[in-house]
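A.B. asks: Here the structure of chain A is known, so what remains is to put chain B in place on it, guided by the hints.
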Amino acid sequence: MPTANFMAPQSRWQIPRVDPSNRWIGGVAGAIAREVGVQPLVIRISFVILAVASGAGVVVYIAAWLWLISRQPAPGTPYEPTPKGETAQTRHAALGLVVVGLIIVVRAITRSLFVDSVVLPLGVVSVGVMVAWTNRGQSTGHATMARIATGALIGVAGVIAFVLLATSPTTAILVFLAIAAIVTAVALLAGPMLLKLTRDLDRERLDRARADERARMAAHLHDSVLQTLALVQRHAHEPSRTAQLARRQERELRQWLYLAPGNDSSAPNMVRLGPALEQMADRVDEAHGVPVKVVVVGDTYDLPPETVDPLVLAVGEATVNAAKHSGAKQIDVFAEVHADRLEAFVRDTGRGFDPDAVPKDRRGIADSVLGRMKRAGGTVAIHSTLGEGTEVELSIGVSSTSSDGNQPGSPNEKGET
Amino acid sequence: MIRVVLVDDHALVRAGVRSELEDDFDIVGEAADAGEAVDVIVSTKPDVVVCDVHLPGGNAPAVIRGVVARGTTTKFLALSVSDAADDVIAVIRTGARGYVTKTINGDELADAIRRVHDGDAVFSPRLAGFVLDAFSADLEGSADPELDRLTGREQEVMRLLARGYAYKEIARRLNISIKTVETHASAVLRKLQLSNRNELARWAAHRRII
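Protein chains in written order, with the working numbering: chain A, 1246 to 1662; chain B, 4 to 213.
Hints are not guaranteed to be accurate.
What the hints assert, rightly or not - Listed below are the simulated DMTMM-like cross-link pairs for lysine to aspartate or glutamate, each with C-alpha atoms no more than 20 Å apart in a straight line:
#	chain 1	residue 1	chain 2	residue 2
1	A	Lys1538	B	Glu172
2	A	Lys1538	A	Glu1633
3	A	Lys1538	B	Glu111
4	B	Lys78	B	Glu185
5	A	Lys1574	B	Glu25
6	B	Lys48	B	Asp110
7	A	Lys1574	B	Asp114
8	B	Lys171	A	Glu1497
9	B	Lys105	A	Asp1527
10	B	Lys105	A	Glu1523
11	A	Lys1538	A	Asp1527
12	A	Lys1538	B	Asp110
13	B	Lys48	B	Asp29
14	B	Lys182	B	Asp114
15	B	Lys171	B	Glu157
16	B	Lys105	A	Glu1497
Claimed, not checked - Derived CB-CB ranges, DEER-like:
#	chain 1	residue 1	chain 2	residue 2	range
17	A	Thr1545	B	Arg176	24 to 32 Å
18	A	Ala1460	B	Arg152	40 to 48 Å
19	A	Pro1484	B	Ala18	17 to 25 Å
20	A	Arg1453	B	Arg175	30 to 38 Å
21	B	Ser22	A	Gly1622	50 to 58 Å
22	B	Lys171	A	Gln1500	27 to 35 Å
23	A	Arg1479	B	Arg156	45 to 53 Å
24	A	Arg1479	B	Asp110	28 to 36 Å
25	A	Pro1320	B	His13	53 to 61 Å
26	A	Arg1479	B	Gly19	20 to 28 Å
27	A	Arg1444	B	Asp110	37 to 45 Å
Unchecked claim - Residues from chain A shown here face chain B by an in silico Cβ test under 10 Å; the list is partial:
#	residue
28	Ala1333
29	Pro1536
30	Val1540
31	His1570
32	Lys1574
33	Gln1575
34	Arg1596
35	Glu1636
Please keep in mind that the hints were generated in silico from the structure rather than gathered at the bench. Here the structure is a predicted model, which is why all the values come from computation and not from measurement. We put the beta carbon where it would ideally sit given N, CA and C, even for glycine.
Isolated chain A, as found in the complex (with noise of 0.2 Å):
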């Protein structure tokens, strides 16, 4: 055996340790390559030629694996494996020539099926892939390039050398289903690393998804409710001011959360009537200190600003006037979109006025609802009971949508102001 002249001389042979936690059958390639410091590929691929070579590999690798159990040491008894030879490559070469002389060997004994033709291109391509696989871990990208490109070159040169040396068809099979295990083989060491590498980078661009949302969470979080909280304690004394910082606050972080994408329509002139609203509510809140409680049914689509427009500034007005002048202690707004028009209702149970006796005032104001709304094609209705409470009904038709061709609705003056 060659193996005996590359021994450096500090180096001590000792008996192979099988380790159960890394191995893929019997542990025997990885206890080899351990003891004589090369990469446990470089002997499992060896056992594979030699498979194929009548079978040998499977002979020599389940005597080794007979004889290596039974001389394992207790277990937890130091073991500290020297490299043998002087570099990593003679340990290679060392290998190869031992797997070509065995080949030759079992050649020569048995004259078996694996004749020239076919063994000596598969210990070529074989070796072209030891050598694309050596030190594949420790060395730079350039290098493992290069050897990668010189494995390739003499995988190639062994494919070459069958087609040239092939005798019969069967043969031919022979060698591409034994090039196919190697392959097979090498795919199978890969597959892991790149399974791996893959799942890395999914894992990576999770985590950044994650880290950028919670990083989008804690900008919108420092901007409103920091501020928000900030501006409560400044204002703890004034309980009125303390509410209505809280509200506003709660309305924001609401239609964050539950309205995400808020008003980004895909049409860029069409509107949301929900958002619409509840920005309206938040402006009156804010101006007069009453809670506006906003409800809006079927605000599935986008509408026409020349329809919304009017309505929310008219169901404004008479939100202002409700906040100014009912005394109550919520104004409730509610709204709902119809296929061919827009319904709102803005609902008080304060003091409510008397519609045939009203204070000048007051009429102005209904009167600016009322006009807007007409000039708009709308209609308003104002009903009011002294002591109960005041609502002010608003109706206006839908007259751009394409999809169904309701005319708007006539305007049909209903107020009794």
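C.D. replies: Only chain B this time, still in chain A's reference frame:
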């Protein structure tokens, strides 16, 4: 006196609600998470449970199912800061008799508890709005039209609730008795719980957060 259990993971909220209700109700227990809630409710057998929707260890629907599984009958009123449609629908569909938000004032909450105790349904304006939305879309392949559609009167009642009307105001406006309004509301609640029309689930999913 109506016996009440409070379930909320925030001690501050429990304390606040307790102080608002103490004079008119017998608060027999409190719980801060889903598991504790089921134990407390099963052992104290209250008339009404005021239950937060989001709880550690399982949300309100899990508590309702847990209590039912252990054979205790009680009535649930969901109290939440969340206005997310799927939360509302989920808790009503597991059997809560009403859903109110935490911004409700003390008197309104007391009223809601009494109503739930009397076997009636409690609709906040927002819940009424959700119901109108959920039942509004056109029906296709409805398995049970009886359950999958609101009657004209029920729609009227829901619209008025959404506009902020109280039951007695609705009764007066529609010229019907309060009892009839309550019957309509209960019928809507039942439909909301039993109707398996896809629209409900699809609509709730559509309104999901994110």
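A.B. asks: Give a verdict on every hint.
C.D. replies: Okay, the hints, checked on the actual structure:
1. Lys1538/A / Glu172/B: Satisfied, since the Cα-Cα distance of roughly 18 Å is no more than 20 Å.
2. Lys1538/A / Glu1633/A: Since the Cα atoms of lysine 1538/A and glutamate 1633/A sit roughly 19 Å apart, the hinted pair holds (cutoff 20 Å).
3. Lys1538/A / Glu111/B: holds, 15 Å
4. Lys78/B / Glu185/B: Satisfied, since the Cα-Cα distance of roughly 16 Å is no more than 20 Å.
5. Lys1574/A / Glu25/B: violated, 24 Å
6. Lys48/B / Asp110/B: Not OK: lysine 48/B and aspartate 110/B at ~24 Å, beyond 20 Å, violated.
7. Lys1574/A / Asp114/B: Given pair lysine 1574/A, aspartate 114/B holds - Cα atoms ~17 Å apart, limit 20 Å.
8. Lys171/B / Glu1497/A: Roughly 33 Å between the alpha carbons, so the hint for lysine 171/B and glutamate 1497/A is violated.
9. Lys105/B / Asp1527/A: holds, 19 Å
10. Lys105/B / Glu1523/A: holds, 19 Å
11. Lys1538/A / Asp1527/A: At roughly 10 Å apart (the allowed maximum being 20 Å), aspartate 1527/A and lysine 1538/A satisfy the hint.
12. Lys1538/A / Asp110/B: Holds - the C-alpha atoms of aspartate 110/B and lysine 1538/A are around 18 Å apart, at most 20 Å.
13. Lys48/B / Asp29/B: holds, 12 Å
14. Lys182/B / Asp114/B: At roughly 15 Å apart (the allowed maximum being 20 Å), aspartate 114/B and lysine 182/B satisfy the hint.
15. Lys171/B / Glu157/B: Given pair lysine 171/B, glutamate 157/B holds - Cα atoms ~15 Å apart, limit 20 Å.
16. Lys105/B / Glu1497/A: Holds. Lysine 105/B to glutamate 1497/A sits at ~16 Å (cutoff 20 Å).
17. Thr1545/A / Arg176/B: 24 to 32 Å: Hint holds: Cβ distance 28 Å, inside 24 to 32 Å.
18. Ala1460/A / Arg152/B: 40 to 48 Å: Since the Cβ atoms of alanine 1460/A and arginine 152/B sit about 47 Å apart, the hinted range of 40 to 48 Å holds.
19. Pro1484/A / Ala18/B: 17 to 25 Å: This hint holds: roughly 19 Å between Cβ atoms.
20. Arg1453/A / Arg175/B: 30 to 38 Å: violated, 60 Å
21. Ser22/B / Gly1622/A: 50 to 58 Å: 52 Å Cβ-Cβ, so the 50 to 58 Å window holds.
22. Lys171/B / Gln1500/A: 27 to 35 Å: holds, 33 Å
23. Arg1479/A / Arg156/B: 45 to 53 Å: 51 Å Cβ-Cβ, so the 45 to 53 Å window holds.
24. Arg1479/A / Asp110/B: 28 to 36 Å: holds, 30 Å
25. Pro1320/A / His13/B: 53 to 61 Å: Holds: the Cβ-Cβ distance is about 55 Å, inside 53 to 61 Å.
26. Arg1479/A / Gly19/B: 20 to 28 Å: About 23 Å separates the Cβ atoms of arginine 1479/A and glycine 19/B, which means 20 to 28 Å holds.
27. Arg1444/A / Asp110/B: 37 to 45 Å: Violated - the Cβ-Cβ distance for arginine 1444/A and aspartate 110/B, about 58 Å, lies outside 37 to 45 Å.
28. Ala1333: Alanine 1333/A check fails; min Cβ-Cβ to chain B is 54 Å, beyond 10 Å.
29. Pro1536: Status holds, d = 8 Å.
30. Val1540: holds, 4 Å
31. His1570: violated, 17 Å
32. Lys1574: With a minimum Cβ separation of about 8 Å from chain B (threshold 10 Å), the hint on lysine 1574/A holds.
33. Gln1575: Holds. Min distance 8 Å.
34. Arg1596: Cβ of arginine 1596/A sits 16 Å from chain B, so the hint is violated.
35. Glu1636: holds, 7 Å
In the structure shown, a violation is registered for the earlier hints numbered 5, 6, 8, 20, 27, 28, 31 and 34, in ascending order.
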